[in-house]
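K.L.:
Sequence:
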Amino acid sequence: MAFRPFRNVIVCHMVPGSEDRVGPVFAHFDHVTRPQDLGVIGRILLSHDDLYIHVIERKEDPAVSGQRRGLPAFEKIAELIAPYVTPYPSYWENPSHSVAKEFYSWLPEGDVPPDRELTVIVQRMKPGSEEDIARVFADSDAGPLPISTGVTGRWLYAIDDVMVHLLEQDPETAAAVRADHESHRPAFARIMDELSPYLSPYRPDTWQTPADSVAHPFYRWVVPDWQPVD
Numbered sequence: 000m001a002f003r004p005f006r007n008v009i010v011c012h013m014v015p016g017s018e019d020r021v022g023p024v025f026a027h028f029d030h031v032t033r034p035q036d037l038g039v040i041g042r043i044l045l046s047h048d049d050l051y052i053h054v055i056e057r058k059e060d061p062a063v064s065g066q067r068r069g070l071p072a073f074e075k076i077a078e079l080i081a082p083y084v085t086p087y088p089s090y091w092e093n094p095s096h097s098v099a100k101e102f103y104s105w106l107p108e109g110d111v112p113p114d115r116e117l118t119v120i121v122q123r124m125k126p127g128s129e130e131d132i133a134r135v136f137a138d139s140d141a142g143p144l145p146i147s148t149g150v151t152g153r154w155l156y157a158i159d160d161v162m163v164h165l166l167e168q169d170p171e172t173a174a175a176v177r178a179d180h181e182s183h184r185p186a187f188a189r190i191m192d193e194l195s196p197y198l199s200p201y202r203p204d205t206w207q208t209p210a211d212s213v214a215h216p217f218y219r220w221v222v223p224d225w226q227p228v229d
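Positions 0 to 229 (numbering that gives the first Met the number 0) are the ones given, in order, by the sequence shown.
Worth flagging that the hints you see were computed from the coordinates, not collected in a lab. Note that CB positions come from ideal geometry on N, CA and C, so glycine has one too.
Okay, the calculated beta carbon distance ranges per label pair: (1) Phe73 - Pro185: 44 to 50 Å; (2) Asp192 - Val98: 30 to 36 Å; (3) Arg33 - Gly109: 31 to 37 Å; (4) Met191 - Ser64: 36 to 42 Å; (5) Ser147 - Arg3: 18 to 24 Å; (6) Pro126 - Asp36: 33 to 39 Å; (7) Asp110 - Arg189: 28 to 34 Å; (8) Pro185 - Asp224: 43 to 49 Å; (9) Ala141 - Asp110: 16 to 22 Å; (10) Arg184 - Glu59: 37 to 43 Å; (11) Ala1 - Lys75: 32 to 38 Å.
In the DSS-like style, the derived pairs of lysine-lysine whose C-alpha atoms are separated by at most 30 Å in a straight line are: (12) Lys100 - Lys58; (13) Lys100 - Lys125; (14) Lys75 - Lys58; (15) Lys75 - Lys100.
With the hints as constraints, model all of the structure from the sequences given.
P.N.:
If you want it as structure tokens, here you go:
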């Protein structure tokens with residue numbers, strides 16, 4: 000079976016345009032420390048409007064490994080990015096409150112291509128609607144649509160009034176779907192209609208197409224000296 004990392008998702012506010020201030024901080028400490036000694040094998044930093052999204056990739060679930068720390072120089076990093084990155088949740092009291100909670104996941108049966116692409120989608124959600132959103136996705140994922148569109152994994156996370164959707168796809172199939180989107184439009188439209196009571200664009204005043212909900216990666220690190228064991 001193809002290896003998939005365990006992922007944590009951190010969501011904060013970020014001063015728009017400060018990617019070139021935040022990214023180099025992580026680049027420095029990922030180089031001079033060894034996050035992999037704590038089970039971390041990668042990270043992706045993304046921005047979406049005034050949001051900072053940090054996807055931490057681990058060898059396995061910390062509940063299994065016991066390795067819950069992910070940043071050997073956490074306090075120094077927090078100090079350096081503090082002018083640009085601040086807590087998002089209204090209930091924030093400590094760093095754990097910036098970790099979004101996974102409330103739905105789906106994986107196809109059987110193996111998947113080794114080369115897969117990850118898209119991070121951000122939407123505003125009605126607080127407390129996780130169960131309704133999960134139901135809509137579960138109904139769709141039980142049918143043929145995810146396989147026909149190259150979806151190889153889906154994970155939904157919630158934090159306050161934000162939903163982060165990690166969508167993993169076979170890039171070849173996904174590209175074919177984008178080139179022939181019309182054939183899938185009715186199915187996508189039905190899902191969007193069912194989700195409309197619970198989800199909306201993060202910034203409805205600037206949103207025009209679904210592509211406007213995709214977060215933009217500005218830093219990526221992958222551990223250079225580790226491979227999953229078959």
